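Q: Listed below are the residues making up each chain.
2 protein chains.
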Amino acid sequence: MAAEQQQSEARREQGQAGAGNEQRQRSRREDNVIFVGKKPTMSYVLAVITQISGGAKEIHLKARGRSISRAVDVAEVVRRRFVTDMKHTVMIDTEEVTDEKGNKLNVSTIDVKMFKQ
Amino acid sequence: MAAEQQQSEARREQGQAGAGNEQRQRSRREDNVIFVGKKPTMSYVLAVITQISGGAKEIHLKARGRSISRAVDVAEVVRRRFVTDMKHTVMIDTEEVTDEKGNKLNVSTIDVKMFKQ
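First to last, the protein sequences are chains A and B.
For reference, each letter of the first sequence is one residue, going 232 to 348 in the numbering used here.
For reference, each letter of the second sequence is one residue, going 232 to 348 in the numbering used here.
Chain A on its own, in the form it takes in the complex:
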């Protein structure tokens, strides 16, 4: 999976060869990640659509804990109402976070990859 992602990034960089320096390419890559939190679902839907209109071919929606269901909502609203030719794959994982008292907690995470084929 990591190798596949690197490949697709390499392809994108070839496509814009000479268009910018490394820092610009890095910021463009990170732009493809949208962290879903406690704002209304439609804020994130708008963020996704803005990125797609800007030419992004692949977007990652990431969320943790109780926001996971909102990330799924965002992906589904985008796919059903706005960009119907989008596919998605979903990965789930666990992250360790430290709270203000220094206790370690495990929190579930989701990563919804949305892409056009």
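Keep in mind that the hints are not guaranteed to be accurate.
If chains are identical, the list can't say which one is meant, so a pair holds when it fits in one copy or spans any two.
Claimed, not checked - Heads up, simulated DSS-like pairs for lysine-lysine below, C-alpha to C-alpha not over 27 angstroms straight-line:
#, residue 1, residue 2
1, 335, 318
2, 288, 347
3, 332, 344
4, 288, 332
5, 293, 270
6, 318, 332
7, 347, 332
8, 335, 347
9, 335, 288
10, 344, 270
11, 270, 288
Simulated from the structure, these hints should not be mistaken for lab results.
The structure presented is a predicted model; accordingly, all values stated were derived computationally and were not measured.
Position chain B relative to chain A; hints supplied.
A: Showing chain B alone in chain A's frame:
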């Protein structure tokens, strides 16, 4: 995907050939689905482990709306603490439900398939 599932069901039925009638086989198939709702996460973890101990090779965790994040928690707790050789694939979708006033609402759903390879 559906064909694959049918195949694995066919294999399971061969394995218990003559063990029961069709109704019994049907209830065994539906046993592989655990609907995650508002109970504590560990109740569902226990349900998954019970099924695995009973010989189930594949389990579907299904949830809707706000319970989606709990379904992810269940899958991650099972995979990390109890049955570490389990893989999962995640699918998300939308269902239409009708509330008590007759309004139609779209609600997101998740289906986490857990299986041993």
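Q: Could you run down the list of hints and mark each one as holding or not?
A: Tested hints:
Taking the shortest Cα distances, residue 335 and residue 318 sit within 27 angstroms of each other only across copies (25 angstroms), while inside one copy they are farther apart (35 angstroms). Proximity of residue 288 and residue 347 under a CA criterion of 27 angstroms is satisfied intra-copy only: 6 angstroms inside one chain copy versus 33 angstroms between copies. In this assembly of identical chains, residue 332 and residue 344 lie within 27 angstroms of each other by CA distance neither inside one copy nor across copies; the values are 34 angstroms within and 36 angstroms between. Proximity of residue 288 and residue 332 under a CA criterion of 27 angstroms is satisfied in neither setting, with 41 angstroms inside one chain copy and 41 angstroms between copies.
Both within a single protomer and between protomers do residue 293 and residue 270 lie at most 27 angstroms apart by alpha-carbon distance, with minima of 14 angstroms and 25 angstroms respectively. For a Cα distance limit of 27 angstroms, the shortest separation of residue 318 from residue 332 qualifies neither inside one copy, at 41 angstroms, nor across copies, at 34 angstroms. Taking the closest pair of Cα atoms, residue 347 and residue 332 never come within 27 angstroms of each other, the shortest separation being 43 angstroms inside a single copy and 38 angstroms across copies. For a Cα distance limit of 27 angstroms, the shortest separation of residue 335 from residue 347 qualifies neither inside one copy, at 38 angstroms, nor across copies, at 29 angstroms.
With identical chains, the CA atoms of residue 335 and residue 288 are never at most 27 angstroms apart, being 36 angstroms at best within one copy and 32 angstroms at best between copies. Proximity of residue 344 to residue 270 under the C-alpha cut-off of 27 angstroms is restricted to the intra-copy arrangement: shortest distance 20 angstroms within a copy versus 29 angstroms between copies. Only within a single protomer do residue 270 and residue 288 lie at most 27 angstroms apart by alpha-carbon distance; the minimum there is 24 angstroms, versus 39 angstroms between protomers.
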